[in-house]
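Could you put the whole structure together from the sequences, leaning on the hints where they help?
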Amino acid sequence: MNQNTDLLTLRSVSKSYGTVPVLHDIDLSIKDGEFLTVLGPSGSGKTTVLRLIGGLEPLTSGEIRLDGQDISRMPINRRPFNTVFQDYALFPHLTVSGNVGYGLSVRHVPRKEIARRVAEALELVQLGRFTDRFPAQLSGGQRQRVALARALICQPRLILLDEPLAALDLELRRQMQEFLKSIQREIKTTFLFVTHDQEEAIGMADRICVMQAGHIRQLGTPHELYYKPNCEFVARFFGENNLVAGKLGSVQGELRSIETALGRLVCSIRDQPHLKTATDGASAFAAFRPEALHLADAKDTENRFSGTIADMAFAGSSTVATITAGADHAGQRLRLRMPSRVDGSTLKSGATISLAFAPHEGHLVLA
Amino acid sequence: MTALPRLSTVFLAAITTLVAVLLYSPLAVPIVSSFFTIAHGNVDWSSPTLATYVALAENHDILAALRTTLIVGVCTVILSVVSGTLLALYYHSRRSGRTLLQFIIFLPFLMPPIISGLALLIFFREIGLERSLLTVVIGHTVFVLAIVYRTVLMRLQSMSRTLVEASYDLGATGWQTFWRIVLPNLSSAMVGGAILAFALSFDETMITILVTGTQSTLPVRLWAMMRLGFSPDINALVALILMFTVLLCVLAARFLIPRQVATERT
Ligand SMILES: Nc1ncnc2c1ncn2[C@@H]1O[C@H](COP(=O)(O)OP(=O)(O)O)[C@@H](O)[C@H]1O
Ligand SMILES: [Mg+2]
Chain F
536 MNQNTDLLTL RSVSKSYGTV PVLHDIDLSI KDGEFLTVLG PSGSGKTTVL
586 RLIGGLEPLT SGEIRLDGQD ISRMPINRRP FNTVFQDYAL FPHLTVSGNV
636 GYGLSVRHVP RKEIARRVAE ALELVQLGRF TDRFPAQLSG GQRQRVALAR
686 ALICQPRLIL LDEPLAALDL ELRRQMQEFL KSIQREIKTT FLFVTHDQEE
736 AIGMADRICV MQAGHIRQLG TPHELYYKPN CEFVARFFGE NNLVAGKLGS
786 VQGELRSIET ALGRLVCSIR DQPHLKTATD GASAFAAFRP EALHLADAKD
836 TENRFSGTIA DMAFAGSSTV ATITAGADHA GQRLRLRMPS RVDGSTLKSG
886 ATISLAFAPH EGHLVLA
Chain E
43 MTALPRLSTV FLAAITTLVA VLLYSPLAVP IVSSFFTIAH GNVDWSSPTL
93 ATYVALAENH DILAALRTTL IVGVCTVILS VVSGTLLALY YHSRRSGRTL
143 LQFIIFLPFL MPPIISGLAL LIFFREIGLE RSLLTVVIGH TVFVLAIVYR
193 TVLMRLQSMS RTLVEASYDL GATGWQTFWR IVLPNLSSAM VGGAILAFAL
243 SFDETMITIL VTGTQSTLPV RLWAMMRLGF SPDINALVAL ILMFTVLLCV
293 LAARFLIPRQ VATERT
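Chains as they are written, first to last, in my numbering: chain F, 536 to 902; chain E, 43 to 308.
No wet-lab data here; the hints were simulated from the structure. Glycine is no exception: its CB is placed at the ideal position from the N, C-alpha and C atoms. Any given hint might turn out to be false.
Distance ranges between label pairs, derived from CB positions [said to hold, decoys possible]: (1) E:105 to F:654: 27 to 37 Å; (2) E:296 to F:707: 30 to 40 Å; (3) F:661 to E:152: 50 to 60 Å.
Right, here's the structure in full:
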């Protein structure tokens, strides 16, 4: 299991339902053994990507390669992938062990071996005591685990999971997130996990692929997506962010300036060559996270501007200030997040304050 | 329900009772009177007896008719369940001509039986098929097909599409998916449809009279007996048929409740 070899590659894959295009020219490589999350709003084409890989839908154009071999036309039942469906799709007339053993029994694996492997799989998902129950007699979380065991038992090269936790309540979802992650570490199988919940994606994924309107917008580690979003969509969709529109200015080493309504700001362009080569005056956004924004002190020489506090919201471990800044302190809304303190904040609504963020904590995205 | 004022609840109950009595009391009369003898055209209420049932059991015509009915019923059930299920699967697979097909299946069920019966009669004459039990079975199958078809199709449509996808996904072939996933999930609907088909075939009179040869089914026999006059064994026969039909309906209802609900209760 080498994390650097590609298990599965999608090459300029497109999909249309009738005349309606749903996926446009998708390129995606999944590495062997990784936990890759596909993240995007509802309707962005995540399920379609899974169905194409699983073989449940034919491609309109492009190809899918497994270990370098084109499998675009391989029938579903021959592909070494298994799916955990969003509605679990457990067979209602079979018991838990009947469901879990199904994939082996249709391949004519001897009964004894099926029994042994079913017991193992159910042990793995901690359902050893439920072998003879029917799906209707299980809770949502238990059904979820049966569906997982049923997919795992075939020892697939890749497990496809379509929003498997969406139907569970918050507490159970947290538990299942950890559980899935630990199972993936234990069996070292590649997981392709679809979700529309970015917190879930950050918490679980080795890499995240952000989709919007049938396009892949960015593929990277959660850290990369958070600190180096490559477009406005990712910058806004992935975590809370402050975006300030402006025109690109000059490059100074790993920094570049941008003229905005808040004045001249300077942001990092490290490891982002496309921002270095973008023409002067091009439309762009300065982006900085609410936790990077702070009250200016004497050390802050760059990225200083003033604003008015419109609202203070206590959110447990942190407190969020909503600030209006820019011309007449009206044009631009910003958020500032700071650690909460027991004796409360000295900041009050209506106060005018001086703000700043460090240049290396700001980044740029092209508009 | 709790929102309904008390008076209107009482009113509603009264209406319901009245309707039930009006609708079903005629059915009670033959059942009750089948346990009494008839003398000089009047029911003798003084001594209840099973004599009419004994007379019935010794009536060879009736026993022969019963046998015919059962043979026809069983053949009709087999034919209609197999073809109804196949047709439902065809319709569900979204291939061409499905709307026309469905229309044709429903036509004989919705048309007046005398029209269906005459159409069949003319058809059998044209193709030179002698009237016999075979023509009766064909007639009944054409008539009850819609019920089996509809029952199976409804189950198919309520079955999650992802079940079939999951089966393929787990490596099953088309045949394995059909035998191990689709059919077991349809089976209770098929049994329910079979019982309804049997009940319909058991009662069918009009088409049977038109397409049968020399043999009579039970309802046809009953029809013939009534023309000769009202005899006590008719009461007994009606009572038996009634009880049997009710039994079938109760059974059918059991099988047509979705399995999910049934297992949840256990
Ligand atoms: N079978 C289908 N026929 C037509 N359009 C479809 C079908 N399945 C999905 N779509 C459309 O494709 C788009 C992407 O859908 P989907 O992949 O399910 O998105 P997601 O899983 O990200 O919510 C949606 O606009 C949806 O309406
Ligand atoms: Mg989806």
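Quick rundown of the hints versus the structure:
| no. | hint | in the structure |
| --- | --- | --- |
| 1 | E:105 to F:654: 27 to 37 Å | violated (57 Å) |
| 2 | E:296 to F:707: 30 to 40 Å | holds (35 Å) |
| 3 | F:661 to E:152: 50 to 60 Å | holds (55 Å) |
Hint compliance for this structure: hint 1 is the single one not met.
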